[in-house]
Each structure stands twice: as structure tokens, then as C-alpha cells.
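A.B. asks: Sequence:
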Amino acid sequence: ALHPALRTVLHERGIAQLYHHQAAAVTAALAGENVAVVTPTASGKTLCYNLPVMHALLTDPTARALYLFPTKALAHDQLAELNRFAAQLDQASAIAAYDGDTPAAQRSRIRKTARLLLTNPDMLHVGILPNHPQWADFLAGLRWVVIDEMHIYRGVLGSHVANVLRRLQRLCQHYGGEPRF
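Residues in the sequence shown are numbered from 515 upward in steps of one, following the working numbering.
Just so you know, the hints here were simulated from the structure itself, not pulled from any lab data.
Quantities reported herein were computed from a predicted structural model and do not represent experimental measurements.
Please note: incorrect hints may appear among the correct ones.
[As the list claims (entries may be wrong)] Straight-line Cα separation of at most 25 Å, DMTMM-like style, residue types lysine to aspartate or glutamate; simulated pairs: (1) K559 with D662; (2) K626 with D651; (3) K586 with D574; (4) K586 with D636; (5) K559 with D613; (6) K626 with D574; (7) K559 with E595.
Whole structure, please, built from the sequences with the hints as guidance.
C.D. replies: So, in C-alpha cells, the structure goes:
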């Protein structure tokens, strides 16, 4: 069910077939389900979320996605690989990192043009949600929220992040969005 351009990119990368857990996650995501993937390091989790997200970006011009990483460093590592993947789909210009290191001069452009945003829970809490009117189009089109390394969010931090995500959902609903996780 993936967009043909995604199948082409996978083939170009030497991926003839997805692993079982990848296929199951992609199928569930494309069916509109929330999905949690728990597998060992280097088992291909990234494709479990990149494929349905890129499918949404390719098939729906209003679709947006938000990737949450526990650290800026991890987000930027993922951004580099994601940009290589997205460049093969002519989608790289729609991807941006938004964190405390994002220059002020770029923030307005990112708010207006980003379709896939990589950030962290703190920036979501202090930089995006309080300024939700400026993010109205993004929140209205938000189809996917990816929480990478979710095992990090436990205890007090986990409780805080859960409340930030509830607030995100309420604001998305306010603007007409209904993201899946």
C-alpha cells in the first residue's frame, strides 16, 4: 500500500522486502492505528515510522509530522539520514529541526514550510505549544507524532511528557488535526 516512489527508493537502497515487524508496523500505521515498536538496537525501527510518514507527505499535501527525540544530538543524527532518504523523494526541503539551536532568522520559515519537524519534548513544551497560533497550519495538518526512545520517558519526566502530549492533542483538535502516534 506504500506510495510507488517509496517502493522505488527502498529498491534503490537494496531493500527488497521489509522485516516482519516493519511490515506489521507500516500496515498498522497506514490503517490509521497508533503503533508502538519495541525491538533491539539496529533492527530497523526507523523504517517503521519513516515509511508511513513519508507516505502521508507524498499522498496528502496538507499532512504534517512531528518527530520527538530525547536529545538535540539524536534529532540531528536522524535529520541527516532522513534528509538523504527524503532527497530521493524530493521531500528534503519539507524537513527541519526546531530546537534551542535553531537560529531565530530560520524559525519563521520553518513554522511556515516544515512538513516534518524534528524536535524534543522541551522545545515542544516551551517553543511550540505556547505559540500555537503561529503553528496553526502545522497543528491542523499533523497526522503523525513519532516518539523515539520512548523508554526514556518514565517517572517525573515521563509524567511531564505525557501531559505535554495531551496538550498537543488538545491543540491539534482545536485546529482540526487528529494525529496518530
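A.B. asks: Please work out if K559 and D613 have their alpha carbons no farther apart than 25 Å.
C.D. replies: Roughly 23 Å separates the two Cα atoms, so the pair holds.
A.B. asks: Assess, step by step, whether the Cα of K559 is no farther than 25 Å from the Cα of D662, and give holds or violated.
C.D. replies: 9 Å, holds
A.B. asks: Given the hint that K586 pairs with D636, test it: the Cα-Cα distance must not exceed 25 Å.
C.D. replies: Holds: K586 and D636 sit about 10 Å apart, inside 25 Å.
A.B. asks: Is K626 close enough to D574, meaning Cα to Cα at most 25 Å?
C.D. replies: With a Cα-Cα distance of about 17 Å, the restraint between K626 and D574 holds, given a limit of 25 Å.
A.B. asks: Does D574 sit within 25 Å of K586, going by the straight-line distance between their CA atoms?
C.D. replies: 28 Å, violated
A.B. asks: For the pair supplied as a hint, K626 and D651, confirm whether the alpha-carbon distance does not exceed 25 Å.
C.D. replies: With Cα atoms ~8 Å apart, K626 and D651 stay inside 25 Å; holds.
A.B. asks: Between K559 and E595, does the CA-CA distance stay at or below 25 Å?
C.D. replies: 13 Å, holds
Hint 3 from the earlier list is the only one contradicted by this structure; the remaining hints agree with it.
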